[in-house]
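Take a look at the letters that make up each chain.
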Amino acid sequence: MQDFAHSFTLAGELIVSGNEDLAEIIALSMRVTATALGISALIGLPFGAILAVSRFPGRGAITVLANALMGLPPVVVGLSVYMLLSNAGPLGPLQLLYTPTAMIIAQAVLITPIIIALTRQVIADLNAEYADTFHSLVVPWHTAVGALLWDARFSLITVLLAGFGRAVAEVGAVMIVGGNINHVTRMMTTAIALETSRGDLALALALGMVLLLIALAVNGAVAFLRGTERSAAHA
Amino acid sequence: MHEVVSITAHSEIRLQSAPSPMPLQVRNLTFATDNTEILKGIDLDLATDHLTVLMGPNGAGKSVLLRLLHGLLEPTSGDVRWSGQPLTKAIRKEQALVFQKPVLLRRSVSANLNFALGLRRIPDRAIRLKEALADLGLESLARRPARVLSGGEQQRLALARALILKPKVLMLDEPTANLDPASTLLIEQAISKVRRSGVKVIMITHAPHQARRLAEEVVFIHAGRITEHKPAKAFFDRPESEAARAYLAGEILI
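Top to bottom, those sequences are chains A and B. Numbering follows full-length UniProt numbering, with no gaps: position 45 of the first sequence is 45. Numbering follows full-length UniProt numbering, with no gaps: position 201 of the second sequence is 201.
Incorrect hints may have been included.
[As the list claims (entries may be wrong)] One-sided and incomplete, this derived list gives chain B residues near chain A with beta-carbon spacing under 10 Å:
id, residue
1, Gly-41
2, Arg-67
3, His-70
4, Ala-90
5, Lys-93
6, Leu-104
7, Arg-106
8, Arg-107
9, Arg-121
10, Ile-122
11, Pro-123
12, Ile-127
13, Ala-162
14, Met-171
15, Phe-236
16, Arg-238
Worth flagging that the hints you see were computed from the coordinates, not collected in a lab. Every residue gets a Cβ at the ideal spot worked out from N, C-alpha and C, and that includes glycine.
Just chain B, same shape as in the assembly (with noise of 0.2 Å):
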């Protein structure tokens, strides 16, 4: 017990030098493909000091609006800012995205985080790799190839990979899709842990109870179109939307 209360504290003590304020506004931003519009004129301003969860049913465009503010995808019309600023390399490299299936180089655990080190001028890898070894509880498996790994392990590299190089804004697409409750309560864990230390979060889950377990806030997001945007409990105890009393009584929503 003593042991794991030491860890736990070593840890934060060490994530809470890496972060600060990168606050995100999104203007009238759409993203069309084929003739399908599939976000329509988003705004949003989101905070600093939350743990924002995206929410809405399949096909709302959640994991679409997630890639447009990390700039994987080019929006169709719009603006994506943060800190005021339109989305550079400088501003993406200070930014990490876990997709909800990982997608580790054909290396050892190790070499995977290795790789991602080696991009960035950081003086103190070793210790780096060591830390985000011991955070998401990989010690064990640091030689092992990425791709002889379970679901859960392997997203706990994926998570593990995107929080070494520290970055100011993780954002995660359903990281514990069809993962195992042990690994959803260790990658849980290390979100909460993360979002202590001041990094801001935003992530897409379809789990209500995972949701009511961590979110700060929630965008709900319904047919491309965010119909909800306000504090976790707020949302939960009182969903003003129909679409968002729907989909958390467990209705099917199309």
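In isolation and in its complexed conformation, chain A is listed as follows (with noise of 0.2 Å):
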């Protein structure tokens, strides 16, 4: 109980101190998830906006999959980009494995099924009201899509948020494609995973610190944004 204490102290200390490691695992985290967060957002706001509002041959097993692709094991997408950036894969030559970049596009892989899935069912539910108005208006697709992502926009940041949440907290994928390395693609997750089993709890503490005071602040700003939205009776 004491080395507990103890080592919160230290975590606490650290943290206060501005710790040149710390600081640094901070900041890769925070580009690779939101540079993978942007990647999927370009990717995912169209996509499922356009799948919630289409219909074509295919629409219901593209709904389905990128539902079920929402519960993709981080390890499964961690060994599937290994396999395409590794020498013998069709990406090797591009030299990627073990870098921010290959960990970026894990995280990119892994949380573009839950915007695409998420904005689906926000511009579904949205189309749902807006459709006889927008027929009635003569509103083209492409129009509709833009519309709608913009009428949707405080529930869409809240799907991002989410997206970011599932990125930032993840270990098994960016273990395998970024290696770990230090100063090169040590994350908080992975490095909170090392420090753990090597013993030093104190640093393994501090990062799990600043993880949880980013989940909060993420929620906090998906609270203030339901206020804001609820406020400017935009709901």
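Can you join these two chains into the complex? Each is in its own frame, and there are hints to help.
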């Protein structure tokens, strides 16, 4: 118990003192996750919206697939991306394995189905409300998709924050494709796993506390946006 | 008083430039869903120079007919022709439909109107926006989120959005249902003004007094069939069908 309390104290000191290693790991984690989220948003938001408003053969199957892939095991994603990026894989010549780019790809693969599936649901619900008006005004489908995305922006930010939360807390995939190399691909989650196994609980706890703070900040942001949405009566 | 007169005169000058004839022909129109025949072989000819009110009890098929005329529903069988042409996107662009429950975008009043303007190539968008806000008394609400407006204000915005594209045909599905008298008056004034400018108006209402105020002709529908179609005065003075007489007497029709 005393060791536990001591570790907590050390963790607090590490955070307060602005430890360089800690800051580097946090900065890399944020950069990788934010980039992965950006890529997933660029793909997932329009694709999810099109899936919600369009009618084409195979749409139902794609929707089921996107929903199923929301629960994609991170280690399976890591393994798949590893096979693609390894020297023997089709993208081997790019030499991306064990780089932050590989971790961005893995995280993007992991959360894009989440963004697609949740966006589809949000946009489908709003489209059910707007469809007759759009049809009456003879709104072209691409304009309708743009309008739905814009009008659902508060709900979609919540979707993106859900994707961010999933990516930032993920360990299996980035461990496999990043390799947890110090000063290169060491993320918060992989560092926590490593430092715990090495017995350096202070650093692991410090990173865990930062991760918790980030999760709290994300949830706080969601609550704030919901409040803003309600007060602006856009809901 | 002078100001009101000048606004009214100005509005009428604006609106007179919009319309052109678009007569309607409906032949043997049926609509069925889940083994229930809602409309049963409707034949209807509407000229361009009347404000037509569709009347009838709940479930008669009025709203379904209006949606079929605008292409929001596909008929089970039969034919809808405007100016002798089947319903195409080009024809629907010349029409506007105001729903009983207004559906507004999650944006400001102005943004809702601008969205409609952005759908067509309209050069004088700023002027149109200003006119539309003025015509429906929405100037002071222009920057308010549409969803915080009262029911009457929302319906006026829905009507403004329909009129801002200067349709040749305006369809209204119980536009003043559940509205307060002041909002009802504003909407009726706007409808009358549009009608005087030459726009064809087809309107559903359950309120006999409103129909008497606005209608030039009445189409009475009961149980999926048109039982009367005649000038408003003749309909209200001498309803021929038993159903219409009972309806106007305030009896409950099933």
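Hints not upheld, ascending by number: Per hint list: 1, 9, 10, 11, 12, 15, 16 violated.
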